[in-house]
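Bring the two chains, given one by one in their own frames, into a single complex with the hints.
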Amino acid sequence: MKTMCLAIPAKVVKVQNGKALVDFGEVVLREVDISLVDVEVGEYVLVHAGYAIQVLSREEAEETLRLWRELLEAESSLETKQQRVQNA
Amino acid sequence: MLEHLRFRNPDLAKRVAEKIRETAPKKDVVKICHVCGTHEWTITHYGLRSLLPSTVEVIAGPGCPVCVTPASEVDEAVALALKGVVVACFGDALRVPGSEKSLLDARAEGADVRVVYSAMDAVHMAEKEPDKEFVFFAIGFETTAPSTALEVLRKPPRNLSFLVSHRLIPPAMELLLGIGDLNIDGFIAPGHVSTVIGLKAYEVFPKAYRMPTVVAGFEPLDVLFAIYMILKQIKEGTARLENEYVRAVSWEGNIKAQEIMQRAFDTVDGQWRGLGELPSSTLKLKEEHAAFDAREKFGIRITSGRDIPPGCQCHLIMIGKIRPTECPLFMKACTPQKPVGACMVGIEGTCRIWAKSQIK
Chain A
11 MKTMCLAIPA
21 KVVKVQNGKA
31 LVDFGEVVLR
41 EVDISLVDVE
51 VGEYVLVHAG
61 YAIQVLSREE
71 AEETLRLWRE
81 LLEAESSLET
91 KQQRVQNA
Chain B
4 MLEHLRFRNP
14 DLAKRVAEKI
24 RETAPKKDVV
34 KICHVCGTHE
44 WTITHYGLRS
54 LLPSTVEVIA
64 GPGCPVCVTP
74 ASEVDEAVAL
84 ALKGVVVACF
94 GDALRVPGSE
104 KSLLDARAEG
114 ADVRVVYSAM
124 DAVHMAEKEP
134 DKEFVFFAIG
144 FETTAPSTAL
154 EVLRKPPRNL
164 SFLVSHRLIP
174 PAMELLLGIG
184 DLNIDGFIAP
194 GHVSTVIGLK
204 AYEVFPKAYR
214 MPTVVAGFEP
224 LDVLFAIYMI
234 LKQIKEGTAR
244 LENEYVRAVS
254 WEGNIKAQEI
264 MQRAFDTVDG
274 QWRGLGELPS
284 STLKLKEEHA
294 AFDAREKFGI
304 RITSGRDIPP
314 GCQCHLIMIG
324 KIRPTECPLF
334 MKACTPQKPV
344 GACMVGIEGT
354 CRIWAKSQIK
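As they're listed, the protein sequences go chains A and B. Reading the first sequence from the start, the letters are residues 11 to 98 in our numbering. Reading the second sequence from the start, the letters are residues 4 to 363 in our numbering.
In isolation and in its complexed conformation, chain B is listed as follows (with noise of 0.2 Å):
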């Protein structure tokens, strides 16, 4: 939008960045978690870290869709292309380290791997090639759900099914709760995930949790916007569910949306990498669109494999405990050239941003 340039007014950064240096505690350190690869890649870009002041933290969740996707899921993606079925990802899907290969290393082998922007890619070239079996690995969160459930809705052709991966947000965050140790002090929700389910699915970490939440947009302003309305709301002694994003986010969300996700999905219990199983927290085909459901049509179902590779610490790096840069590995043996965890490979991923922000 062309209002973008006044989204980034360095005299309005600087007002704020005072406003939370004023309202930050003055020995405490409070922990702000958010939970979106694009929030990292906009705090890693900007450098809005160096603006907070020592006693103000700001960690990275399960924020990055093609991180959190188990190897046991990539596993099955790999089986199927080496079976000989066409199988579509996302770009960075490629590169995702199943137990053994990732896709790339399947389309080494000669299987065919097609990467594409967008479910509808995949429809269409289903459509002008009959004669072959496609599969789209659908990965992702709530964002890009909805546009899986519209295709298998309409009805696709019948030599494409789907091989759904997708993961939703809220029950991350609780697990992140739930994790002793982790002492979060209030979360930025993600502002592109919540214009699909909007601010109501955030309502029980205020009321349940105590704990300060605000939805935020990813322009810098934004995000700096957000970590002051979290530590107003710390210093108030209060938990609130806040809208930064109000451009783009509502209470109700896209209701539209969220209709064509029942429509298609159930909401079942799910493995996340290095996470272990989440109770309602993946989306599986309803039994009346099993035809194309690509596990029901091609009987395939890997419920383990290796999620983490020896020396890795993504399952760490995914929840925020430690900081890439904490790593033996990070930059060392794995980097964005030659990855060796799913958070080097992910565009979302915390070690690439951090990789890519030369942050050593």
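Just chain A, same shape as in the assembly (with noise of 0.2 Å):
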């Protein structure tokens, strides 16, 4: 879906003059332009109506799945004596 707040993570396979062919993960590769951000080969960009606006990177994506199991972890310490006694 193409809106106009999203946008969609691509792998740069190529970097020229302030252009990048990115790869969405579909056949054919795309150019956009990146001179909004500093980016290499290899690396993963956010692209929005044809400019790549933030980079992201694989230990970044890790991150995330380490918070949420830090959150689903964390011992719900708050839960006050009443609320255990009606959940049990």
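Quick caveat, the hints were computed from the structure, so don't treat them as lab data. Keep in mind that a hint or two might mislead.
[As the list claims (entries may be wrong)] Partner residues are not named here, just some residues of chain A that face chain B (Cβ under 8 Å, in silico):
id : residue
1  : G52
2  : Y61
3  : E70
4  : T74
[Said to hold, decoys possible] If you want the ones that stay clear, here's a sample from chain B, every Cβ over 10 Å from chain A, calculated:
id : residue
5  : R11
6  : P13
7  : K34
8  : E132
9  : P173
10 : T198
11 : V207
12 : D272
13 : A294
14 : K300
15 : F301
16 : I303
17 : P313
18 : A336
[As the list claims (entries may be wrong)] Rough simulated footprint, nothing fancy, chain A against chain B, three-plus residues with beta-carbon under 8 Å:
id : stretch
19 : 122-128
20 : 144-157
21 : 184-191
22 : 237-249
Using N, Cα and C, we set each Cβ at its ideal position, and we do this for glycine too.
Structure, rendered in structure tokens:
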């Protein structure tokens, strides 16, 4: 779905003159403008309306998964005694 | 990214939904507001509201750029098109209603209106046809504004100018907090706008308004985790700014993009469809770029228009005051095929998203 505030992640395959060929996971490579970011081949960018607006890294993606695990594993220490009784 | 499959793990979704149920208040209803059409799409498309307990309500704020563009600015684009200027616009700007006509109506009358995917396309068109005057109707929030700024700073061809209609998200969020009976308890801030403006742009919400604020991504799990993070803050009685979307959003945001925007634009007060004038909420090309400002070049300035057609409830839907299904026109007089209001036109409009998901 192409909407105006959605940006789509793509892998940078080739860089030339402020433009890059990127792979959206489709067969065809597309050209996007990379003047708004500093990016190298092999990195992922968020592409919005033909322009890369941010660089993503694998480590940051891992960081999201780590944050989620941490949130799920955190003991809900705030749960009151009363609620525990209710849940029982 | 290849990792996206893990971002849709059903087991994780089940577990976070459980956490939400545990953390949600048992009696009082909390209202969480997002301000992004893509968040509304994720929530509606994946049926996330059905996973939430009855005490958690998620409402959609003014997060559809096409919807919030006032009729007066569409009227300016229509007037230019009817004057013989080629108007290039994004796909869903074509049908957004002006006071009387949309750009599509103008095209039906013979005007040359072309759909483009990016500002770059408009530049290429103008280069290829130097004998014609081109105007790019630049709609969009902070995600789109840097690309317009970039093309202006690159000195586009002389036959191209810009009808700048960019709007800023934080002022719209502040407006929502000023509406007394809306009673918002927390914000989900828009992920992709935030990749540009950074977490820092929302500091005011927890600090000055004591409003829990979480920047979130667009996978269903991103949204569920953001809801959980807000509920946790509410339960703890605190208001913090948190980042769920760490894989794309930093505290500073994209500084390069921010600098380019600052070189091209001044921030000025501006009209939003159905919401009136919001202070420091729109962008205007700086005086030194006046040659590329379509309003200056063609001496056109329309300051008022008819934003809301009779019966349409767009102004209430855009602030999350009512749901689309509460509008008497929804899926009766107003459908995606024959839209009445802007919220049914924009791909990110709440009515359009609900219609496409067949919510009745």
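Status of the hints after comparison with the structure:
1. G52: violated (13 Å)
2. Y61: Holds: closest Cβ of chain B sits about 4 Å from A/Y61, inside 8 Å.
3. E70: OK, holds: A/E70 within 8 Å of chain B, min 4 Å.
4. T74: Holds. Min distance 5 Å.
5. R11: holds (12 Å)
6. P13: holds (14 Å)
7. K34: B/K34 clear of chain A: closest Cβ-Cβ about 21 Å, beyond 10 Å.
8. E132: It holds; B/E132 is separated from chain A by about 20 Å at its closest Cβ, greater than 10 Å.
9. P173: Correct as stated: the minimum Cβ-Cβ distance to chain A is 14 Å, above 10 Å.
10. T198: Per Cβ check, B/T198 is inside 10 Å of chain A; nearest 4 Å; violated.
11. V207: holds (21 Å)
12. D272: Label holds. Min Cβ-Cβ 22 Å, cutoff 10 Å.
13. A294: holds (21 Å)
14. K300: holds (23 Å)
15. F301: The claim stands: B/F301 keeps its Cβ more than 10 Å from every Cβ of chain A (closest is about 24 Å).
16. I303: holds (24 Å)
17. P313: holds (27 Å)
18. A336: holds (25 Å)
19. 122-128: Since three or more residues must qualify, the claim that chain A covers the stretch 122-128 of chain B holds, with 3 doing so at under 8 Å.
20. 144-157: holds (count 6)
21. 184-191: violated (count 0)
22. 237-249: Check passed, 5 qualifying residues.
In this structure, the hints that do not hold are numbers 1, 10 and 21, in rising order.
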